[in-house]
Amino acid sequence: MSTAKPPKAVEPKRKRGHERVATIVETAIGLFATHGYRAVTMSEVAAQSGTAIGSLYRFFPTKDALAQAIMDRYGAHLTDELEKVVAIASTASVRDVAQALVAMMRGLQTERAAALVLADAREDGSLRRAGLRSQMLEKLTAVLALIDGSPMPADIDQRAWMLLYALKAIRQFDQEHPALSKRLIDDACLLIEPLVAAGLTKTG
1 MSTAKPPKAV EPKRKRGHER VATIVETAIG LFATHGYRAV TMSEVAAQSG
51 TAIGSLYRFF PTKDALAQAI MDRYGAHLTD ELEKVVAIAS TASVRDVAQA
101 LVAMMRGLQT ERAAALVLAD AREDGSLRRA GLRSQMLEKL TAVLALIDGS
151 PMPADIDQRA WMLLYALKAI RQFDQEHPAL SKRLIDDACL LIEPLVAAGL
201 TKTG
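No gaps in the numbering here: position 35 of the sequence shown is 35 in full-length UniProt numbering, and each next residue is one more.
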């Protein structure tokens, strides 16, 4: 994937234009997550999204520009979803926090898969992955730090890493066993709960 600066894109100004861009991005996310960056063509994105090829290039002058938009969107969505968990962590039960974390990972699964595929296609892919990982660790640490009347644990960083890898394990299981994972939502939360409880005394 080229990292050269793409031609300037046209920003949508009307509701219809914003809806068209959203449709293009959603379609591209599914295609990139399934087939990878190199295998997907702009013509395919246009056809699958029901967009005239000229309109597609107006909003996204290059495939790299489209990929960048997807990666930026995933980063923003990840931040928003993690902030929602941080916001409830001081008052919610351990079970509720665990459920929120599992729901977040599952809700962003396809978007994350596409973003990582696109990151890996870039020369700075490892840096982008590291940035996303740091972003998650920062917010997970914030969740664990919201302890009711107790000092911050000395090993909170290690606990955040353990929580991150447990969430990744759940996501990997979902990808490999999608039918089975739907029946094991409670089990997934039970895996996360002890790690969340290490940072929260309010078990509700």
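Calculated from the structure, these hints are not laboratory results. Some clues are possibly wrong.
[To be verified] Label-pair distances were calculated between CB atoms; the ranges are: (1) E11 - D80: 31 to 39 angstroms; (2) L191 - A47: 24 to 32 angstroms; (3) P61 - L191: 42 to 50 angstroms; (4) Q172 - G125: 17 to 25 angstroms; (5) E19 - D120: 35 to 43 angstroms.
For every residue, glycine included, the Cβ atom is placed at its ideal position computed from N, Cα and C.
**Prompt:** CB of L191 to CB of A47, is that within 24 to 32 angstroms?
**Reply:** Taking Cβ atoms as reference, L191 and A47 lie about 41 angstroms apart, which means the hint is violated.
**Item:** C-beta pair E19, D120: status relative to the range 35 to 43 angstroms that was hinted
**Value:** violated, 30 angstroms
**Request:** Please test the hint of 17 to 25 angstroms on the beta carbon pair from Q172 and G125.
**Result:** Holds - the Cβ-Cβ distance for Q172 and G125, about 19 angstroms, lies within 17 to 25 angstroms.
**Message:** The hint says 31 to 39 angstroms between E11 and D80; measuring C-beta to C-beta, is that right?
**Reply:** For E11 and D80 the Cβ distance comes to about 21 angstroms; the hint is violated.
**Request:** For the range 42 to 50 angstroms, tell me whether the beta carbons of P61 and L191 fit it or not.
**Result:** holds, 44 angstroms
Violated hints, in rising order: 1, 2, 5; the structure is consistent with all others.
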